Amino acid sequence: MDNSFSAPHYDDTEPLIVHVPALEHHSTPQHRHHFETEEQQREAGSFGMWLFLLTEIMFFGGMFFAYLLYRNWYYPAFAAASNQLSVPLGAINTAILITSGFAMALGVYYAEIRDRKKLVFALVLTTVFGLAFLGVKYFEYKEKYELHHIPGDKFSVAMFVNPHAYELTKDEPPLAPDMAEKTQVFFFLYFAMTGMHALHMIIGLGLLVWLIARARRGDFSTGYVAPIENFGLYWHFVDIVWIFLFPLLYLINRHPLK
Amino acid sequence: MSEHHIGAHDPLNVTNPEHADHHIVSPGQYVLVYVTLLILTGVTVGAAYIPLGVFNPVVALLIACIKGAVVILFFMHAIYQSRLIKLTIGSGFFLFLVLIMMTMLDYMSRAWGAW
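Line order of the protein sequences matches chains X and L. Numbered per this note's numbering, the first sequence finishes at 258, counting up by one with no gaps. Numbered per this note's numbering, the second sequence finishes at 115, counting up by one with no gaps.
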């Protein structure tokens, strides 16, 4: 065996080229060095986003559970209070939010096919429908404020104790004063749940403005889709929360039983 | 050995179960999902006005679950994701079920008003 060691011979006329396989993956600027492939990076991002959404499921889940218990305890109050919400406005808002989600889904598609203009357009549409949703919500909240149906010391049970005196509630059976007080529990949950939902939308709209600015710059039309895709996951999650809120809050007792 | 790359011809992730094939959902499919969601919204409202007794909330929740599943599977691309992501999503809903079940057990088995 030849154990002799000879120093590597460098030819001064040729430049030294070092091949590091890991570095050769760096074909795109968004690819971070600690991910083997861009696909792995993308999946790690999705995984993280989904983990965040799981905490959101638990967060909203707590409120949904509170709703479940109190609805069983104070069902007459929940039914009477729920009937004070506007089904047309709720249904229109559901359609608006689904449309916003549809625009967002198209946004992900246009980012994938690297169409900068259509991506920006889809994101703007998402924002517009999101704002429309909050606009409708504003008028709903305003009506509740005027009727003194916001929980607190200004809350009025008059409409539930003596419904026949009110145009809107002539067919409602009157509630006993102690049960009528429990309509506050319904409205508390209504404002807590739709309020937290609206807060998520406001945060989402803020992120959308930032994403639109970056999309206009062309950040997401060169194959870098992850921010659009992960924001899409968040936006669709907010949609799903509303999909459950709408029937649970607005449609409790629209079918008076004899 | 050359079959071990993450390729377009491995939709079931047989060669590399960790990674899902990158899939782009077509706008046509999004339109289909969108129309389905709008129709189901109409069905929810319609069903609420039909007196079904205790089944009214059941029907409402069933439709909401279908809508939620459609959004998760197609708008959120869950159906095209790797097993890791699918399992993550599943575990989230499982944990939510545990939350409901455990609290309901306490709620239903407590001697309310007997202390």
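Check the hints yourself; a few may be wrong.
[What the hints assert, rightly or not] Below 20 Å or equal to it, Euclidean Cα-Cα: the simulated EDC-like pairs (lysine to aspartate or glutamate) are:
{"id": "1", "chain 1": "L", "residue 1": "K86", "chain 2": "X", "residue 2": "E56"}
{"id": "2", "chain 1": "L", "residue 1": "K86", "chain 2": "X", "residue 2": "E39"}
{"id": "3", "chain 1": "L", "residue 1": "K86", "chain 2": "X", "residue 2": "E229"}
[Claimed, not checked] A short, non-exhaustive set of chain X residues, derived as facing chain L with CB atoms under 10 Å:
{"id": "4", "residue": "G62"}
{"id": "5", "residue": "L106"}
{"id": "6", "residue": "R116"}
{"id": "7", "residue": "E143"}
{"id": "8", "residue": "L147"}
{"id": "9", "residue": "H148"}
[As the list claims (entries may be wrong)] Covered stretches of chain L, as calculated for chain X (at least 3 residues, CB under 8 Å):
{"id": "10", "stretch": "23-35"}
{"id": "11", "stretch": "44-55"}
{"id": "12", "stretch": "58-70"}
{"id": "13", "stretch": "76-82"}
{"id": "14", "stretch": "93-104"}
To be clear, the hints were calculated from the coordinates, so they are not data collected in a lab. All of these numbers come straight from a predicted model, not from anything done at the bench. We put the beta carbon where it would ideally sit given N, CA and C, even for glycine.
Hints, verified against the model:
no., hint, verdict
1, K86/L - E56/X, "17 Å, holds"
2, K86/L - E39/X, "16 Å, holds"
3, K86/L - E229/X, "16 Å, holds"
4, G62, "8 Å, holds"
5, L106, "6 Å, holds"
6, R116, "16 Å, violated"
7, E143, "20 Å, violated"
8, L147, "22 Å, violated"
9, H148, "26 Å, violated"
10, 23-35, "holds (count 8)"
11, 44-55, "holds (count 8)"
12, 58-70, "holds (count 6)"
13, 76-82, "holds (count 4)"
14, 93-104, "holds (count 6)"
Of the hints listed earlier, those the structure fails to meet are numbers 6, 7, 8 and 9, in rising order.
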